[in-house]
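In the order they appear, the protein sequences are chains S and C. Per the working numbering: the first sequence = residues 1 to 139. Per the working numbering: the second sequence = residues 1 to 194.
No wet-lab data here; the hints were simulated from the structure. Fair warning: there could be bad hints in the mix.
Said to hold, decoys possible - Okay, the calculated bits of chain S under chain C, using three or more residues with CB under 8 Å as the criterion:
1) 10-16
2) 27-37
3) 105-111
Claimed, not checked - Straight-line Cα separation of at most 25 Å, PhoX-like style, residue types lysine-lysine; simulated pairs:
4) C:172 - S:68
5) S:46 - C:22
6) S:71 - C:48
7) C:22 - C:179
8) C:179 - S:68
9) S:70 - C:22
10) C:121 - S:71
Just so it is clear, CB atoms sit at the ideal spot from N, CA and C, and this is done for glycine as well.
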Amino acid sequence: MTTDGYNEAYVFDGSNVKYTTTLYYPVSAKYVLNLTILKDGTFTFKEFLFGSTLEASGTWNFNAGVGKTKKKEQVNFSIDDVQSGYTYGYNLFNRYEVSFVYTIRELRNKRLVINSSGKIYQNSKGKYITLSTDYIFQQ
Amino acid sequence: MKKIITLGTIFILALLIGSCKKGEDDPFFSLHTRKARLAGDWKMTEGKITIGIKDSTGAYASQIYELTEDGYKYSVTGTGANFQRKASLNLSITKKGVITINQVMDSVSIESSGTWDFLGKVGENKNKETISIRLSDFNNQSDLFRTFNKGTTNFMYHIKELRNKRMVLENKEEMILLKNGIGVYITSQYTFVQ
């Protein structure tokens, strides 16, 4: 994550996260992210990070392929309901928003690799936050 | 035999034409693709935004913005708050997937740009009935709920009507933010013309 002057990095190994920043000492903690995607266009996910849980559900869809993006190269998630936590809290998977887009890097029967990047916020003085994420999921 | 072929052809054509209609107010038939119809410079002529804010006690308040092509009227339910100010909203959409948004709401002037795409056909969603927009550049703040981007950098609109020179975008009771027990929900509809 980048704002005007410092970076944060979160590295997940499937059950733990190591958090490093240019401001503080590195911290390790428990981390869980489970994602369920159904063919009917719905999804649920549960993310636990630094004691903060976000459990939410909604709908997903592929992009249609306009401009430089190929058809079904991206997946759009839209949260409709939150069972636990906040959309704008400490959790990362939803990019602090209710609608978020991931690019599909690899899609196999039992393995999914997705990533996202871009601004998530800018203030009136031009300071901004970007967030880049890479996830590997296995069934 | 000729009659059967003719009737069959008419039936198939009717099915094909009918399948072109995605939004509920779309034209029954158009010679232009949805991408071709969406591309162009659009000026907002009418709009309404309802921002519902639910606090941690469950209390609900609505802020309502009624937009015209050069101004808006603001009101808050349950209070006397009410005023009118200038406003405008213009979109420039290209076939290559680029979108530029120019919006003025009273003293706030925002120009933002990014990419757009249709969403596909998964679940109950029809193919190309929803537009997804990702903004990457702003000349001002990105987090105003009352603006076209709904205070976010990634957002979607259902395309209710898409004609060559007229477009209606909408979203209904969409949760935008949930933070510290406060939920923000937006219902909006914009009419654009070229």
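Claimed coverage, the region 105-111 of chain S by chain C - three or more beta carbons nearer than 8 Å = violated (count 0)
key: Pair hint outcome, residue 22 of chain C versus residue 179 of chain C [Cα-Cα no greater than 25 Å]   = 34 Å, violated
key: Whether chain C covers the region 27-37 of chain S (at least 3 residues having a Cβ closer than 8 Å to its Cβ atoms)   = It is violated, with 0 qualifying residues against the three required.
message = Holds or violated: residue 179 of chain C and residue 68 of chain S, Cα atoms, limit 25 Å.
response = Violated, because 34 Å separates the two Cα atoms, which is more than 25 Å.
ask   = For the pair supplied as a hint, residue 46 of chain S and residue 22 of chain C, is the alpha-carbon distance within the 25 Å limit?
value = 33 Å, violated
key: 25 Å limit on alpha-carbon distance, applied to hinted pair residue 70 of chain S and residue 22 of chain C   = With a Cα-Cα distance of about 22 Å, the restraint between residue 70 of chain S and residue 22 of chain C holds, given a limit of 25 Å.
ask   = Going straight from one Cα to the other, do residue 172 of chain C and residue 68 of chain S come out at no more than 25 Å?
value = 30 Å, violated
request  = Decide if the proposed pair is consistent with the structure: residue 121 of chain C and residue 71 of chain S, CA atoms, cutoff 25 Å inclusive.
outcome  = Between residue 121 of chain C and residue 71 of chain S the Cα gap is close to 11 Å, so the pair holds against 25 Å.
ask   = residue 71 of chain S and residue 48 of chain C: Cα distance at most 25 Å?
value = Violated, because 33 Å separates the two Cα atoms, which is more than 25 Å.
inquiry  = Quick check: do three or more residues in the region 10-16 of chain S have a beta carbon closer than 8 Å to a beta carbon of chain C?
reply    = violated (count 0)
Checked against the numbered hints given earlier, the structure breaks hints 1, 2, 3, 4, 5, 6, 7 and 8 and satisfies all the rest.
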